[in-house]
Amino acid sequence: MGTLLPFSSTYDWTEDDLSKAESELHQHQSTTPFDIYVKQSSELALERQRKPQRDVILKPLLPALERDEAHANVSYGPLLDDYLELRLDSLITWQPITIAQVENVITLSRLIFRRRLVHQESEIFHKEQIKRRKELDEVSKLNREIIRVTNAMQNEVTHLARALS
Numbered sequence: 001m002g003t004l005l006p007f008s009s010t011y012d013w014t015e016d017d018l019s020k021a022e023s024e025l026h027q028h029q030s031t032t033p034f035d036i037y038v039k040q041s042s043e044l045a046l047e048r049q050r051k052p053q054r055d056v057i058l059k060p061l062l063p064a065l066e067r068d069e070a071h072a073n074v075s076y077g078p079l080l081d082d083y084l085e086l087r088l089d090s091l092i093t094w095q096p097i098t099i100a101q102v103e104n105v106i107t108l109s110r111l112i113f114r115r116r117l118v119h120q121e122s123e124i125f126h127k128e129q130i131k132r133r134k135e136l137d138e139v140s141k142l143n144r145e146i147i148r149v150t151n152a153m154q155n156e157v158t159h160l161a162r163a164l165s
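The sequence shown maps to residues 1 to 165 in this note's numbering.
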């Protein structure tokens, strides 16, 4: 289960999704080249096999992600989808498997998203030097914090890798 990636942009299947995909594949079996049919069939079988394992990993992590989404909905409003997309990218990159790791990814995502918002705001006020200076200072602080969190997460991954080897 160590090589199983709990977060993916392509493998977020439900049981219904898997059943529909298998059904469609079998319906088009006669028109699908054999090697493609075998490959897709194997991928679906593997995903069906891994889904319960992935669900076991994700189950304790979902409350933290749901709380973050509720917080982001209040904080970011119409920008919620942008934040969730950035958070998914971070989840896919870091593949957290503990609640603490998920919290770190959420913190990192919020910092990166805040930096993105400050950059956008800075472009709006690019002619107002005082306002721009404040925003650039904030970006600098955010960058330092992003580096700190990223380094802490990287150290944790390194320690886990050493412990497993």
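Read the hints as simulated data drawn from the structure, not as lab findings.
Among these hints, one or two may not hold up.
Said to hold, decoys possible - Taking CB as the label site, the calculated pair distances span:
#1 Val56 - Leu160: 16 to 26 angstroms
#2 Lys20 - Asp81: 37 to 47 angstroms
#3 Ile92 - Ile130: 35 to 45 angstroms
#4 Lys39 - Gln95: 22 to 32 angstroms
#5 Lys59 - Thr31: 34 to 44 angstroms
#6 Asn151 - Asn73: 26 to 36 angstroms
#7 Leu117 - Arg67: 13 to 23 angstroms
#8 Glu66 - Glu128: 18 to 28 angstroms
#9 Ala152 - Asp55: 22 to 32 angstroms
#10 Gln120 - Gln29: 48 to 58 angstroms
#11 Leu117 - Leu46: 36 to 46 angstroms
#12 Asp137 - Tyr37: 37 to 47 angstroms
What the hints assert, rightly or not - Below, simulated EDC-like cross-link-like pairs (lysine to aspartate or glutamate); rule was C-alpha separation at most 16 angstroms, straight line:
#13 Lys51 - Asp17
#14 Lys51 - Glu103
#15 Lys39 - Glu24
#16 Lys39 - Glu22
#17 Lys131 - Glu121
#18 Lys59 - Glu103
#19 Lys20 - Glu47
#20 Lys51 - Glu24
#21 Lys134 - Glu121
#22 Lys20 - Asp55
#23 Lys134 - Glu123
#24 Lys51 - Glu15
All C-beta atoms in this analysis are idealised placements derived from N, C-alpha and C, irrespective of residue type, glycine included.
Structure versus earlier hints - violations, ascending order: As far as the earlier hints go, 2, 8, 12, 14, 20 and 22 are violated by this structure, in ascending order.
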